[in-house]
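Protein chains: 2
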Amino acid sequence: MNLEEKQLKSEYLYKGKIINLRRDEALLPNGTTALREVVEHPGGVCVAALTDKNEVLMVKQFRYPYSEVILEIPAGKRDHKDENPLECGIRELKEETGATAKNLFFLGKLYPSPGYVGEIIWMYGATDLSFGDTCPDEDEFLDVEKIPLETLVEKIMSGEIKDAKTQTAVLKLKYLRDKGEI
Amino acid sequence: MNLEEKQLKSEYLYKGKIINLRRDEALLPNGTTALREVVEHPGGVCVAALTDKNEVLMVKQFRYPYSEVILEIPAGKRDHKDENPLECGIRELKEETGATAKNLFFLGKLYPSPGYVGEIIWMYGATDLSFGDTCPDEDEFLDVEKIPLETLVEKIMSGEIKDAKTQTAVLKLKYLRDKGEI
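Residue numbers (my numbering), protein chains in the order written: chain A, 1 to 182; chain B, 183 to 364.
No lab work stands behind these hints, which were simulated from the structure alone. Any given hint might turn out to be false.
Said to hold, decoys possible - Label-pair restraints from in silico Cβ distances: (1) T282(B) / D82(A): 23 to 31 angstroms; (2) G16(A) / I200(B): 15 to 23 angstroms; (3) D261(B) / E25(A): 20 to 28 angstroms; (4) G213(B) / Q7(A): 42 to 50 angstroms; (5) E336(B) / E150(A): 21 to 29 angstroms; (6) E150(A) / F287(B): 20 to 28 angstroms; (7) M183(B) / D178(A): 28 to 36 angstroms; (8) G198(B) / D128(A): 19 to 27 angstroms; (9) E25(A) / K263(B): 19 to 27 angstroms; (10) D234(B) / N2(A): 40 to 48 angstroms; (11) Y248(B) / G98(A): 43 to 51 angstroms; (12) G16(A) / M183(B): 38 to 46 angstroms.
Each residue gets a CB set at the ideal place from its N, CA and C atoms; glycine is no exception.
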């Protein structure tokens with residue numbers, strides 16, 4: 001079956017600080033049309049970093065859309081849409097946790113909510129860490145915590161950890177660790 | 183450390199079909215203010231459904247923001263923001279795959295991209311399936327596939343599966359299956 005939709009019209013409703021909002025008209029496979037709302041974002045990265053004591057570096061952060069403090073792995077958005085994701089990951093890990101990793105590996109892309117969001121999150125794992133000072137963005141307030149991998153997986157399975165990239169990247173880290181690949 | 187941000191001003195820039203866009207001014211913990219862009223969404227559900235042959239029900243769907251056909255578990259948004267997530271999950275599973283499950287269990291909430299999106303995705307697992315007809319929404323075109331759980335986990339680990347809810351819910355299903363809990 002042909003599933004493709006074609007852009008017929010496109011209109012920017014908002015061009016903002018972090019996101020843009022577009023409203024398009026799309027041609028569907030059956031010849032009818034539909035409205036498609038699209039949130040554009042420059043893309044982001046996250047890093048699931050494992051210490052030599054098998055702990056994962058986590059940041060506790062207030063997330064405004066949920067009015068809630070949640071636990072996440074270090075992450076951030078790209079400065080511009082051509083920034084190299086790996087370089088962005090190295091920077092965000094350092095800024096938020098003070099850590100530098102000798103060993104960084106790709107854990108795949110994440111599409112947060114593909115019905116209406118165009119953001120890509122590049123996920124990385126990291127081991128062989130050394131620590132220096134943190135330097136978060138000026139409008140960013142966070143606490144750093146180290147949580148044992150097994151405890152964190154339990155928190156993910158129990159529903160305590162809600163962030164999508166954190167659940168995915170940490171479960172991948174656990175899978176690789178169980179297989180002896182990291 | 184106090185991490186909380188307080189809403190000072192709030193303005194709707196767009197009230198749409200699926201999403202709303204708000205631009206707020208927030209008071210930060212250090213007394214300064216920052217702009218917060220928030221995408222509101224009624225919330226959604228997804229269902230990782232396992233057949234008695236250990237296959238996961240998947241749908242292949244064109245996702246307009248990425249101009250790409252991707253593989254996902256069945257999912258959908260709530261009809262309104264008070265709809266019971268479990269009932270929504272039962273409906274979406276039936277509509278998209280024709281399946282009805284005797285055993286449904288909660289796999290936790292997912293926050294897709296908590297910096298600017300307020301959507302909650304309730305994740306469910308399902309077993310003991312029986313099959314009838316599908317009835318997708320009129321502007322929804324999709325192909326249903328069954329993929330063995332182990333093959334799907336490999337596709338997730340290799341980066342082939344990009345959807346956030348699918349990666350998370352299937353890795354949780356795999357964890358529970360390996361533990362003998364489902």
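Hints and how they fare:
At about 47 angstroms, the CB distance of T282(B) to D82(A) disagrees with the hint of 23 to 31 angstroms. Distance hint check: the CB atoms of G16(A) and I200(B) are about 18 angstroms apart, consistent with the given range 15 to 23 angstroms. Hint check: D261(B) to E25(A), Cβ distance near 23 angstroms, so the stated range 20 to 28 angstroms holds. Taking the beta carbon of each, G213(B) and Q7(A) are about 45 angstroms apart, inside 42 to 50 angstroms as hinted.
Between E336(B) and E150(A) the Cβ separation comes to about 23 angstroms, which falls inside the hinted range of 21 to 29 angstroms. Restraint check, E150(A) to F287(B): a C-beta distance of roughly 22 angstroms satisfies the suggested window 20 to 28 angstroms. Separation of M183(B) from D178(A) is about 34 angstroms and conforms to the stated range, judged on CB atoms against 28 to 36 angstroms. Separated by about 46 angstroms at the C-beta atoms, G198(B) and D128(A) break the suggested range of 19 to 27 angstroms.
Between E25(A) and K263(B) the Cβ separation comes to about 26 angstroms, which falls inside the hinted range of 19 to 27 angstroms. The hinted range of 40 to 48 angstroms is not satisfied by D234(B) and N2(A), whose Cβ atoms lie roughly 32 angstroms apart. Taking 43 to 51 angstroms as the suggested C-beta distance range, the pair Y248(B) and G98(A) does not conform, at roughly 34 angstroms. Judged by the Cβ atoms, the range 38 to 46 angstroms given for G16(A) and M183(B) is violated: they are separated by roughly 28 angstroms.
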